[in-house]
Amino acid sequence: IIGVSITDMTPEEADKQSMKEVKGALVAKVYEGSAAAEASIKEKDVILKIAGVPVNNSAELQEQVAKYRPGDKISVTYVRGGKEYTVPVILKNIAGNTNVVTRGMTGVEVFGARLEGLSANDRRSFKLENGVRIVELNDGLFKDIGLRRGTIITTINGKKVNNSSDVKSATGGNESSLKTIEGYFPDGRFFSYRFGN
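Going by my numbering, the first residue of the sequence shown is number 32, and it counts up by one from there.
Source of the hints: derived by calculation from the structure; they are not laboratory data. Treat the hints with care, since some could be wrong.
Only pairs whose alpha carbons sit at most 25 Å apart, straight line, appear in this in silico PhoX-like list of lysine-lysine [what the hints assert, rightly or not]:
no., residue 1, residue 2
1, LYS210, LYS60
2, LYS210, LYS199
3, LYS75, LYS51
4, LYS75, LYS47
5, LYS190, LYS210
6, LYS98, LYS47
Note that this is a predicted model, so its numbers are computed, not measured.
Can you build the whole structure from these sequences, using the hints too?
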């Protein structure tokens with residue numbers, strides 16, 4: 032991963048960047064120690080290309096990055112202050128290193144899912160106080176119970192969750208410890224599942 036939180040561009044942001052078109056993905060946050068931080072990418076930069084491939088929104092950016100593995104070196108083209116820059120970025124995994132992610136690695140995936148905390152805008156849009164979104168879904172418990180990419184999880188075992196650490200804490204990192212899970216599907220429908228006794 033690059034290590035940024037991104038949102039789609041708006042006409043207002045395009046104006047601020049002196050861009051003639053509304054395109055690219057706006058960097059809302061750069062995580063400390065991430066690949067993006069090491070490449071000097073900053074908040075409010077607008078990413079236009081990943082490895083030379085144009086990205087017109089945040090979904091396209093995630094799609095392009097997903098084609099590569101931790102340790103791969105790719106070019107990232109972005110706009111800052113109306114000027115375009117291209118920098119090399121060495122991708123990392125969620126643990127902050129260049130190891131290829133394998134299932135069962137602690138601190139990387141939770142039950143086969145990569146999770147991201149909700150932004151303030153997300154919380155306002157969904158009228159939620161907390162939650163995590165599934166941004167990548169591989170084989171594992173969450174996929175097995177029917178959750179999808181884009182699903183928002185609000186509570187696990189009755190505990191509110193805001194990040195992957197909260198999910199691990201609520202379950203002890205043990206799939207068999209999952210008793211209840213609540214949240215919202217990508218289409219906004221609420222779900223509440225119970226397991227076991």
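Against the structure, the hints come out as follows:
no.	hint	verdict
1	LYS210 - LYS60	violated (33 Å)
2	LYS210 - LYS199	holds (13 Å)
3	LYS75 - LYS51	holds (17 Å)
4	LYS75 - LYS47	holds (10 Å)
5	LYS190 - LYS210	holds (11 Å)
6	LYS98 - LYS47	violated (31 Å)
Violated hints, listed in ascending order, are 1 and 6; each of the other numbered hints is respected by the structure.
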